[in-house]
Amino acid sequence: MESILTPRGVVNYTNSEEAIQAIALLYGSTNYKSWSDIRRPWYSKVSYPDAGQTQLTFFASVAGQGTVTLDDTNMPKANSFGQQHVVIKSIQLGLWIKVWDLYAWVGTNATTLVSDIIAGCVQGGVLNLVVNNRSHLQLPKPFLYAPIGGGVPQVYTAGPSTLTLTEGTPNVIATSISAAPYAQIAGFKNMFVLDPQLMIEAEQNFSLTLDYPSGLIPVLGSTVTSTNLLKAVAIIDSVTIRPATT
Amino acid sequence: MLSVNAIAALQGKYGSAIWTAWSNLRWPQYDYARYTPAGITSLSLFAVPQGGVDPVSTLTKTAEQTSMTTSGNFGQVGQLITQIRTHAFILPLARQPSGIVDDADVLWTTFSNMMSKYLELLRRGVLQIFINSKEFFTISEPFQRCPPGFGVRIQQHGASYLSGFTKFSIWSQQSPRSEDVFDLNPPQFIEPNNTFQVQLNYYDGTGPVFTNLVSSASPAIDIGVIFDGYLIRPSS
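Protein chains in written order, with numbering that gives the first Met the number 0: chain A, 0 to 245; chain B, 0 to 235.
To be clear, the hints were calculated from the coordinates, so they are not data collected in a lab.
On a predicted model such as this, the values are computed, not experimentally measured, just so you know.
Cβ pair distances, simulated, as ranges: (1) A:153 with B:179: 20 to 26 Å; (2) B:50 with A:149: 37 to 43 Å; (3) B:50 with A:164: 53 to 59 Å; (4) A:150 with B:144: 27 to 33 Å; (5) A:68 with B:169: 39 to 45 Å; (6) A:153 with B:169: 17 to 23 Å; (7) B:190 with A:77: 38 to 44 Å; (8) A:10 with B:8: 51 to 57 Å.
Sample of chain B residues facing chain A (criterion: CB under 10 Å; computed from the structure): (9) 22; (10) 24; (11) 31; (12) 64; (13) 88; (14) 107; (15) 160; (16) 161; (17) 172; (18) 178.
Glycine included, C-beta positions come from ideal geometry on N, C-alpha and C.
The following block holds chain A by itself, in its conformation from the complex (with noise of 0.2 Å):
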């Protein structure tokens, strides 16, 4: 006779089967002869290292591995998803930070990240897709190939931040700096869509990357630091198909 400790209490059951169907009837089961279809965006931020980094490896770490949060990954196990068929639709690269300083900008390259936008690692970079170790897309320049859609924050200044004038006859400009610069690399247009769809079945691994060959490019502004990182974000948008569970 099996017993089994139920929100009901002690319950006996005459054999182990009886037993499981009780508790898949109590708790609901898998059931994988039934699978039912989501819109799920799978995403996985990894930091981008003030000095540059030859390769930066998306889908890798779960959240509660390390200091990894949800906020950085929605992945049920490191480079596979586990007991789901994910049809990918899109794939989108973005850069991330928590503090986007705008009052820091004096003119110099290093006082923006405007500048990493414009002239730094969003400009070089490629994309490499594998699935079960076969090349399946290789992309290059991603973030502006692939960018994130959705809407871009927009940003609108007018107007000096700072104006020095020197004394003489007549007065002169010494220094002139304008309000901050603002760039995106974003937008629902530009997302690279799979087409066809490319599926990547359960358990099988994959390993997305962010490639660097040809040299490293290291950060520019200095908004950067230990307390607000500089993230690359990857996205997997999907049509998942999991298990149902009765």
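Based on these hints, arrange chain B on the given structure of chain A.
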């Protein structure tokens, strides 16, 4: 062990190409070649594969510059081209020559000095594409007609007047809008092992000259051509 058994064992372990079953993937084929600052009359693309040396930059080409593994053909795979994109690419600051890379405010001062010539670059040239030595495309002002369809969205460009350099800053770029891309309809197929040539030619005189335009150095610019479309390859 018989060789046929050995091959079967290897195929079982590593997989093998199935030449009767083909799959297609979205796959841009691309090639970037360095523009000579003194100006050019012709530039060949898709000619130097990965591992080869760019004749102008003298640097080894990697997957960042080209998807090609052989010169002028895609090998055992086919490419169905649905879009032709061009990219006049100003290299990131870290890959610019000394004089530029060590200038602390170059992006907002003397980089402006090359933008007039850069705009000229975007407005000139003829792109020609030959497949098996037959001309298929001749497109004038390719950087306007066939923009990359990606790029930065600049909402505000800053300006600084420092140490007497300049009173304004300029940044030019190609259209980043995806709807401006040059679509091929019908698409163009380059079959496996077909050879092809891609050239940027100047028939109206030497192309724009960038010599020593930025902080007394010549800015590094790559010319890129991207064949976006579908890679047709054998299944495994």
